[in-house]
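A.B. asks: Below, each chain spelled out in residue letters.
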Amino acid sequence: MNGPGMTTALGRRRLLSGAAGGVLTAGLCLPRFAAAADGVTFGSITPNTGTYGFAGKLVTNGSQLAIEMAGGSILGRPIRYISRDDEGRSATGVRRLSDAISDDGLSVFNGNYASDIGLAESAIARRQKVLQYAAGGSEDFTGARCSRYTFQWSANPYTAMKTVMDYVAQTHPDARRWYTITADYIFGQALLKYARVVGEGKGYSFIGNAAHPLGERQYTQYLTQAVAARPDVICLLNAGSDAVTCLRQLAGFGAKDTLVVAPWSIEVDQLPEIPDAMRAGLILGENYVSTLDTPANREFVAAYRRKYGTAPGYSAAYGYDSFRTVLLAMERAGTTGIASVITTLEGMQYDSVLGPTSIDRATHQTVRPYFVIRGRADSAAGAAGDYAELVATGSDPQPHALNACRDIGAL
Amino acid sequence: MTRSRMVGLGVLAGSILVAPALLSFSTASELLIFGLAAAAAYPVIGVGGLFSFGQAALFGIGGYTGGWLMAHAALPLLWPLLAGAAAAGLFATAMGAMCVRRSSIYFIMLTFAFNQLVYYAIYSWRGVTGGQDGLADIARPARLLPYLPGVNLDRPVNFYVLVAVIVFGCFLLLLRIVDSPLGRVLDAAKQNARRAAAIGYDIHRAQTLAFALSGVFSGIAGVLYAMLYWIMPIDAVAWVNSGNLVFMVLIGGLGSIFGAPIGAAVFILLQDSLSLVWDRWPLLFGLIVIGVVLFLQGGVLELGGMLRPALRRASGADAP
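Protein sequence lines correspond, in order, to chains A and B. For the first sequence, the positions run 5 to 415 when my numbering is used. For the second sequence, the positions run 74 to 393 when my numbering is used.
What the hints contain is simulated information worked out from the structure, not anything from laboratory work. The model shown is predicted, which means the values in this text are computed figures rather than measured ones. Think of the CB as a built atom: it goes at the ideal place given N, C-alpha and C, for glycine as much as any other residue. Take these hints with a grain of salt, some might be off.
To be verified - One side of the interface only, derived from the structure: several residues of chain A facing chain B at Cβ under 10 Å:
1) 92
2) 97
3) 128
4) 187
To be verified - Ranges of calculated distance between the beta carbons of each label pair, as one might list FRET restraints:
5) B:197 with A:405: 26 to 32 Å
6) B:238 with A:211: 55 to 61 Å
7) A:229 with B:230: 49 to 55 Å
8) A:412 with B:197: 31 to 37 Å
9) B:265 with A:221: 53 to 59 Å
10) A:77 with B:363: 41 to 47 Å
11) A:404 with B:215: 32 to 38 Å
12) B:238 with A:309: 54 to 60 Å
Chain B with its partners taken away, still in its complex shape:
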């Protein structure tokens, strides 16, 4: 692992430890959960260059599957997590297999259509999903694994620790995936799909696999989200949420997977802070997003990179 990766992981771990001192447990947990959802989108969007507007569907399938199990059966957490990850992974595989055969605007529209398909399926299947009102009465499991003693996950600190451990573990796996040969094939296909195919890589298979893996981790994020407020709202599956996830990746920076959780944190905290300032805060938020897209195309990570030389110069000037 490179030095920059080690530094990045150190900063991430430090942020996870410090966050509860600065924010409420619920906000800190939500940042981590959306950080994972954004990081799960990164192999597809950042590495593969495939701007998927179907990520909320994967997040929602995981959340509704895991949430339904937790609302109706007193199972250890392992089973809802696995079920959510598997359901989202399977759907993502099917979605990816069909969508990657088209490119540019057609790819985007296909992923958008899949998202709406899932949204209206959940909306219509009221008896199971709660329809527009969302899935309510989700109970956090009393045990994490079968045969192990129980943990009170209703205590905010316990839940935060659980989320932190799962998110950090998933992030390590995603980092491994991005650095793997699969990541390199996706990157090659992003730069020149024809050339990558000409030298023997099955780029459609690689892109489908990226979707499948993205689905698995998005599904895990969805299950954690269903536990966070004991409800799974249908808004989480709306296409707007897909757009939010794409923005989170963009705001963080497309150049590194470490940008995804940073983008998620900036996105959510900025919304929260601006909403305290002015009733019409979405106008300010829109201006900031436009500013980032126009002048900070490398995202917040690029800002850090640009500030580093200035800081070095400042520290050098201070030296005797």
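Same shape as in the complex, but just chain A:
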């Protein structure tokens, strides 16, 4: 028999269950957007969560701006933009990419900020014949796993290491004993390889390397080894929240006499997260700095500031410039057909945000400069929050003998 209290309890339980069910059903039944029949779909496959979670929104911001500045259409066809979170995981990235291609008609995408995910996605891009504009520090995009469908916006790791180590050699000629802390995946390994290639040419000795997993949160064990080895330079070959966490913990080790170099670790946007004492004098390598005085960059920075109220960093510039380049190639090709666009991009010379730029026909590497900045303390940053100054630029391309792209494949 059901008394009144029983009825009330059951009713509440049913109500809560019904609400939970309703949320589940609503979640599952969210409309999946149909691909526009007459348009062209651009997309970003980026991490909004995980080690590189900070970058996802920034890449999206830059990408959307490029499409807006193109008037939202190309050759009379509307451009539809979609963004998908890869959660910083290869499996999720390739699934969301596959779904975007089949469900949304994606034909051009920028991704991925993380090299391992980007390389997994490049296999899908090749199979599904969609155009990928990658970032990340792995040389494999334009090396051993090069593909006709994949272009690389970021600098080659050789260019990055050569630029940064040349600057260190000029400013700290006695800093010859290097200890590296490396993210133990394809990105960190590429940087380590070229640190040794470039460093051995300068007569440096690499007295130790601590390899850590991606997404590490505790660096004490690596930093203890590094500091105990008494190097002249501690070189961070990691990125994102890994690098920020590592630098924060290094601040507590009191290794004040040791030069800290991070050739591909911290974006300008992340500099405020670094402790003041660590930031002052920190030598950083950058794929992009917003102060570049080029016509395309002035236009980009002004528009970005208007829309988002801040200066863009590497992630936003990658999103913006990769799409801007593809749109430029579509205009030159007179079509949005991917095969023709790829053929146009190969060997293309154009003015990017970085200045006069070209794309290597054989490898799809963007031939471009790399930048060195030097961190400032809070007291020197000023009211504008100018936490670093540009101190050097380099553009030495990867020597041909070191490139492993033997067959870029067919369209």
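Position chain B relative to chain A; hints supplied.
C.D. replies: For chain B alone, kept in the frame of chain A given last:
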């Protein structure tokens, strides 16, 4: 077989047929593969009441074993499938034999430790597994069985049909296992281990056997997963994936093995849908999981059971 079982199998078969019309082949295939992985965990978690956080290790061992064979040798699919199932089954037997001797939190921690052991073995064995970057360049076999003509598994529809047939076949076997005397012994041990042992059942042996069988089917799911995107990512072996599999079983409902594939589908589709809504979607997802655990302890299956009387009443009210 009972009427409810027949209805359940009919719904499952119907869902498999309808899924490609609603979802992409890749998503539909992934739902089936994780549905199998969750169903493989069900004899241990649902029937045996043993909350194993080592299921991703079994999934990963199968995936890496089968994936490595497919990446390095042009073998018919049968051999990578068998190798993946055997490797995962053997590891699961060893893991189960040690873990079932402990209970509650100690059991959970042991399975978790085994998972991490496998994770770091794969992470460190870079030359074979690809380490953090995962195992790449996996090729889908050109033939299913020796001496038979080839099938182009790179065609999404062909691959989906293959996955559907294997998953449905495995599900039938798992259903048989759950309904077998082994399932009843596991259930008895879950309710009262001492009493089950006192009446003569070797519950440790039964639980170890459940682990072994769970390993075999998890391994098959892992091999299919390695084929799905031509890569075997190390994330698939991470402890988070073990947690996901446990959640899938919970969301589906612990009361029936049919809840496992439903839980997997809800889990994956909900993540996909929420990620389109908000950049910080894991917050919403967490709230929904909390809601299910607090108010829907029988999982989605319980929700169906609660809605049925209401639907009956509604249809009765409409009757003249």
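A.B. asks: All hints are to be evaluated individually against the structure, with a verdict given for each.
C.D. replies: Structure-based check of each hint:
| no. | hint | in the structure |
| --- | --- | --- |
| 1 | 92 | holds, 9 Å |
| 2 | 97 | holds, 9 Å |
| 3 | 128 | holds, 7 Å |
| 4 | 187 | holds, 8 Å |
| 5 | B:197 with A:405: 26 to 32 Å | holds, 31 Å |
| 6 | B:238 with A:211: 55 to 61 Å | holds, 57 Å |
| 7 | A:229 with B:230: 49 to 55 Å | holds, 53 Å |
| 8 | A:412 with B:197: 31 to 37 Å | holds, 32 Å |
| 9 | B:265 with A:221: 53 to 59 Å | violated, 42 Å |
| 10 | A:77 with B:363: 41 to 47 Å | holds, 44 Å |
| 11 | A:404 with B:215: 32 to 38 Å | holds, 36 Å |
| 12 | B:238 with A:309: 54 to 60 Å | holds, 57 Å |
In summary, the structure is inconsistent with hint 9 from the numbered list given earlier, while agreeing with all the others.
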